[in-house]
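Just so you know, the sequences run in chain order A and G. With the numbering used here applied, the first sequence corresponds to residues 11 to 94, in that order. With the numbering used here applied, the second sequence corresponds to residues 218 to 367, in that order.
Since the hints were made in silico from the structure, they are not lab data. Since we're looking at a predicted model, the values are computed, not measured. Heads up, a few of these hints could be off.
Derived DSSO-like pairs (lysine-lysine); straight-line CA-CA distance at most 30 Å [what the hints assert, rightly or not]: (1) A:Lys23 with G:Lys291; (2) A:Lys28 with G:Lys288; (3) A:Lys23 with G:Lys288; (4) A:Lys28 with G:Lys283; (5) G:Lys291 with G:Lys224; (6) A:Lys23 with G:Lys224; (7) G:Lys288 with G:Lys224; (8) G:Lys224 with G:Lys283; (9) G:Lys283 with A:Lys23; (10) G:Lys291 with A:Lys28.
Label-pair distances were calculated between CB atoms; the ranges are [stated by the list, open to error]: (11) A:Ile65 with G:Ile319: 50 to 60 Å; (12) A:Lys23 with G:Ser251: 53 to 63 Å; (13) A:Glu43 with G:Arg305: 16 to 26 Å; (14) A:Arg83 with G:Trp354: 47 to 57 Å; (15) G:Glu294 with A:Lys23: 11 to 21 Å.
Each residue gets a CB set at the ideal place from its N, CA and C atoms; glycine is no exception.
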Amino acid sequence: MAVLRQERGLSRKELAEKIGVNVQTVGYLEREEYNPSLDLAFRIGETFGLPVDLIFSPEPLRPLSEELLEYKRKPGGSHEPGNI
Amino acid sequence: MNLAISKSSRRRLVIINYVALLLALVFLIWGDLSGWATVPAVSALIVITVVVVTFIPVYGRTGLWKFVHTKSDKLDERELLVTYESLRHSYAIFSIIALVCIQISALTGLVNDTTGQIIFWFLFYLAHTLPASVIAWTSGNAAQEYAVDA
Numbered sequence: 011m012a013v014l015r016q017e018r019g020l021s022r023k024e025l026a027e028k029i030g031v032n033v034q035t036v037g038y039l040e041r042e043e044y045n046p047s048l049d050l051a052f053r054i055g056e057t058f059g060l061p062v063d064l065i066f067s068p069e070p071l072r073p074l075s076e077e078l079l080e081y082k083r084k085p086g087g088s089h090e091p092g093n094i
Numbered sequence: 218m219n220l221a222i223s224k225s226s227r228r229r230l231v232i233i234n235y236v237a238l239l240l241a242l243v244f245l246i247w248g249d250l251s252g253w254a255t256v257p258a259v260s261a262l263i264v265i266t267v268v269v270v271t272f273i274p275v276y277g278r279t280g281l282w283k284f285v286h287t288k289s290d291k292l293d294e295r296e297l298l299v300t301y302e303s304l305r306h307s308y309a310i311f312s313i314i315a316l317v318c319i320q321i322s323a324l325t326g327l328v329n330d331t332t333g334q335i336i337f338w339f340l341f342y343l344a345h346t347l348p349a350s351v352i353a354w355t356s357g358n359a360a361q362e363y364a365v366d367a
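Please construct the entire structure, taking both the sequences and the accompanying hints into account.
Structure representation (structure tokens):
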């Protein structure tokens with residue numbers, strides 16, 4: 011969540027206002043010390059324009075190198091470096 | 218309001234606060250029964266000072282006092298959860314202490330107007346500080362974030 015917030019140039023306070031929580035709660039969400047309710051999760055998803063399961067996936071995010079490797083191995087995937 | 222007080226410091230202050238409170242109760246009752254002799258009266262004053270001095274950092278500066286006394290419509294879902302949990306634990310602790318006080322009072326027959334008032338204010342203080350103490354005790358080192366901008 012912290013990455014998504016920073017990508018969009020939002021401060022914690024601004025994000026807190028958008029999703030209707032106190033600013034401390036944004037910190038807890040970003041540190042994964044609090045699991046949001048379904049309602050709050052949807053509001054966060056709506057704010058970032060992303061599906062909820064992408065933001066709050068129980069699986070840790072895979073390294074980008076692994077993602078690229080898998081993409082290249084797929085049929086039709088590019089083998090040219092830089093042609094992704 | 219966002220002072221960095223570590224978990225261990227918070228716990229230490231909570232213990233000192235409640236030990237001083239318990240001693241204040243003992244000295245005040247002793248003072249009343251002894252016709253306010255110098256030793257219990259002065260001791261009571263000292264420990265009450267300790268209660269006040271430790272109250273300020275652990276409940277005031279951390280924002281915990283304000284947090285647990287904030288109306289629920291100003292809290293978000295995480296804060297409500299934290300508050301409910303702290304109230305649940307506080308209720309259990311408070312019930313036991315209140316029942317013990319009542320039982321001791323009944324068994325010893327020491328309760329008169331003054332000691333009754335002393336016990337009342339002791340329980341009153343406990344009832345108001347226990348939820349904040351539970352949060353101070355259980356929260357991690359990010360508890361200073363409970364300072365509410367309400």
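Hints versus structure:
For the suggested pair Lys23 of chain A and Lys291 of chain G, the alpha carbons sit about 16 Å apart, so the restraint of at most 30 Å is met. Between the alpha carbons of Lys28 of chain A and Lys288 of chain G the distance comes to roughly 21 Å, so the proposed pair stays at or under 30 Å and holds. Taking the CA atoms of Lys23 of chain A and Lys288 of chain G, the gap is near 21 Å; set against the 30 Å cutoff, the hint holds. At roughly 24 Å between alpha-carbon atoms, Lys28 of chain A and Lys283 of chain G fall within 30 Å of each other, so this suggested pair holds.
With a CA separation close to 26 Å, the supplied pair Lys291 of chain G and Lys224 of chain G stays within the 30 Å bound. Simply put, Lys23 of chain A and Lys224 of chain G have alpha-carbon atoms about 25 Å apart, close enough for the 30 Å limit, and the pair holds. Simply put, Lys288 of chain G and Lys224 of chain G have alpha-carbon atoms about 26 Å apart, close enough for the 30 Å limit, and the pair holds. Distance check on the hinted pair: Lys224 of chain G and Lys283 of chain G sit about 19 Å apart at the alpha-carbon level, within 30 Å; holds.
Between Lys283 of chain G and Lys23 of chain A the alpha-carbon distance is near 20 Å, which keeps this suggested pair within the 30 Å criterion. This hinted pair checks out: Lys291 of chain G and Lys28 of chain A have alpha carbons roughly 16 Å apart, not beyond 30 Å. Checking the proposed 50 to 60 Å range against Ile65 of chain A and Ile319 of chain G shows it holds: the Cβ atoms sit about 52 Å from each other. For Lys23 of chain A and Ser251 of chain G, the hinted distance range of 53 to 63 Å is satisfied, since their beta carbons lie about 57 Å from each other.
At about 20 Å, the beta-carbon gap between Glu43 of chain A and Arg305 of chain G stays in the expected band of 16 to 26 Å. Look at Arg83 of chain A against Trp354 of chain G: about 52 Å separates their beta carbons, and that is inside 47 to 57 Å. At roughly 18 Å, the beta-carbon separation of Glu294 of chain G and Lys23 of chain A lies within the given 11 to 21 Å, and the hint holds.
In terms of the numbered hints stated before, the structure departs from none.
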